[in-house]
Amino acid sequence: MLKDDIQKALAPLNLEQVAAGDYAKTGCHLEVTAAPERMPEVAQTMLSLGCFLESLTCLHYPEHFTLVYHFANYQELCRTAVHVKVPLDQEASTISHIYPGANWYEREAYDLFGLRFAGHPDLRRILLPFDADFHPLLKKFEASSGDA
Amino acid sequence: MLERGLEEKRYVLNLGPQHPSTHGVLRVELELEGEFITKADPDIGYGHRGHEHMAENRTYQQYLPNMGRVDYLHALAYNQGYCMAVEKLIGLEVPERGEFIRVITAELNRIASHLLWVGAYLMDLGAFTPFLYCFDDRENILDLLDYLTGSRLTYCFYRFGGVPVDIDDDFTEGCRKFIKRLRSRWADYDNLVTKNVIFINRTRDVGVITKEQCLKYGLTGPMVRGSGIPYDIRKSEPYSVYPRFDFEIPLGERGDVMDRYLVRLREMEQSLRIIEQALDQIPGGPIMAEKVPKRIKPANGEVYAAVETARGEFGCFIVSNGDLKPYRIKLRVPSFGNLSILPEIAVDTLVADLVAILGSIDVVVPEIDR
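Residue numbers (the working numbering), protein chains in the order written: chain X, 1 to 148; chain P, 1 to 370.
Isolated chain P, as found in the complex (with noise of 0.2 Å):
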């Protein structure tokens, strides 16, 4: 209510399209009245680049590249699931050893994605410190993938069959020397995030997504897992050689900003677990399959792959018609869905608990946008 007889009014905010807690060109029109939020409206598309159509005008090998670059963060995963939804669609088998190499790399662009996160949201939140420790071990992260495959971020590292450079001891030894140096430090994060007075008051109870808005809306990743729903393809529908390795899906409680939180740092000790139980099981052998053909040509039908990502589940969904191109390739992004959310839990907040919100959903804007 407003006072001093001021006609009340219908106050429209533009958050974004530049804003730094948007990570990326979104822009979200706020309609307030006083501070609180009465209607939230996420504009996207600001980075459409077609990837969907560029796929419907190249072979499948040179669409590989894409995959890098939708979701820039954790880019592997991508590789991943593109090459698991062809390999699938012309019955390619990966041996043993390029399994395990995907899975490791693509365990560590996860670590390096959730460590990109804590520090980036942390900072939307005002804490400035933990972006810097954050930023510190994600480098050991990219100098490791660097090494192995010559590219920091948009990595274009899988290939059909397989992968194209196998891993050496000083890769191995660099991948143990980190895994030793990040359990190190979850007491520092512990210390200066997690048992923060300021961070759990602005994130405790804040952005409540229940059981059945996860289901409605089509959530998936640690938005549902914040939400106490143990969905995570790893496990739910395992593939690659997953199934192998000892691994938990931590959960939160209530569903709230903080729950998320918790759920993403937990997550990279799994990672960790995972990375180091790979390295100790890695068999010998080839990293390639031994037969790939050169003209990739499958014939006439569907397949619909999915991967966990950082954020989510991508799925990838491929019609061909029997020619070299792929007729449609739909790329099914988890922020795409998570995002929808928004407009249903912005209702009746503030402001400032909306970047909060945004935060913890954790988007890249490029990926929704394609």
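Looking at chain X on its own, in the form it has when it is part of the complex (with noise of 0.2 Å):
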């Protein structure tokens, strides 16, 4: 079972939390959180696995970012959702060297919250125009206020 592999791959890592999660419920069968600095880790580990990211988003909270991670496997179903807290005044950690494909998604949660990836190669905008001054999904933006 990949999901048994995953768990035993992770747990020298000690991490916050890997724990099943309710696959009916929230979609995913792994629940992992660990903090910005351990990332990079934590993607190796995935690759070794032979699982692929599916998707990084991030998520804006009063107090800080929260990254959410998902990854998938080609061969058997087993879907990891991995949590990662960056307080609001720090930088998380780039994937991308792991995971090329991380390179555009790190960029779009660069361009759409403004959280920076430390040892990102090229953190630019990616939807909006270059020469943007905001952060389009930050919650205190509104699209009508000011000149935005």
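Keep in mind that the hints were calculated from the coordinates and are not lab data. Warning: the hint list may mix true and false statements.
What the hints assert, rightly or not - No farther apart than 30 Å at their CA atoms in a straight line, the calculated lysine-lysine pairs in the BS3-like style are these: (1) Lys-195/P with Lys-177/P; (2) Lys-3/X with Lys-216/P; (3) Lys-25/X with Lys-325/P; (4) Lys-139/X with Lys-325/P.
Take the two lone chains and join them into the complex the hints point to.
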């Protein structure tokens, strides 16, 4: 079972949480919580188990950002959700050197939330114009306010 | 190498944003050496409408029409993905007949999307006639879906808990006629295109994607199946009533442009098989769940639901904080991941081949830009 393999492989990393998820309710088989600086190790482990990065997104809360990584597998049904809390004034760690596909997802998170990824080779805006001066998915953002 | 003592210079060429082969407003900045590409940098976002931001400002029902406008070519799959996510979130069961109607219409829509792709793609490669054949066939599907849903392109047909309109004998009859008609056309397509030597030379061993690249870039849909990985959400993570039908996942061997073309062509036949079986097996009964709440107010929580669209995996990730509006909706769209591999596979190819490669990714730009 891939699920057990992932749990076993992630155990030595001593992450905050590695637990079985409720697939019927959330669509994820495994729920993982990690600190931002541990993310490259987690990604490396997932890659060695043959999982691909399905999606990467950011959530804006009043005190912190939460990055949510979804990993899935081509051969076996097992979706892993990794939650990473990043304080508002800090940077996350890039995994684009491990998963080149993460490059664009990280650019998107930077573009829409203003969250920076340390070590990213090319952290430019991706969806918005390069000269935009706002990050539209921040909760305080209103489309009709100010110059935006 | 340039002759006549000319200085070797970096030559930058803009492909797009208005180029027939980009299928929408997509710009690719190319660096060339002669006619070979040394660097390709896609510039996306021209069609960014902020669908994810809109989600945070409207109720769950109000967001439904947006789902027909993300990927307008396979809109019903997006309807389905979003409805599935919300149904999971509030614990709503769809009656069997409702699920069957969803499958029939979504598969019809998939064929329409593939037909449009085949026609438009071959036009990219310089063949105009197949385009007319494809649009002729596709028109039949649009008529059928128009009859049922009331719209031809940007469908907003599924509801939380089922579908609003039942299918009738006319629709069933029309579907069967269409299946027969499209099957009689495969020979024409093969003779016109698949065995055409110009087409073969343009597509064989061009834009090869390895299995390892698929994994690292998180590709989905015909892109991975062309490379020989049997990953189709309808089989790998069965949803709706797909497990009841007998169908295959067409696979490629070499992972080149030709394989991706063949995968899509064969997928249409598999979709026909699914529709045929669904029409035979469709049970009676209600099409909507009995108690659908008027005010949708899910508890705190997250949910991820995935469906297979014509281009790959569409994942709908909803975060609820117990409000009437979602806290955040992330739309994981297939073309975004699929296009991100372009800078890697475009290097060292000819500009003319880039058109073939870009077309084979089957991008729908508004879907990438959201």
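- prompt: Taking only the CA atoms, is the gap from Lys-195/P to Lys-177/P under or equal to 30 Å?
  reply: holds, 27 Å
query: Given the proposed pairing of Lys-139/X with Lys-325/P, does the C-alpha separation stay at or below 30 Å?
result: Cα-Cα ~13 Å, so holds.
query: Are the Cα positions of Lys-25/X and Lys-325/P separated by 30 Å at most?
result: At roughly 19 Å apart (the allowed maximum being 30 Å), Lys-325/P and Lys-25/X satisfy the hint.
- request: For the pair supplied as a hint, Lys-3/X and Lys-216/P, confirm whether the alpha-carbon distance does not exceed 30 Å.
  value: holds, 20 Å
Hint compliance for this structure: every hint is met.
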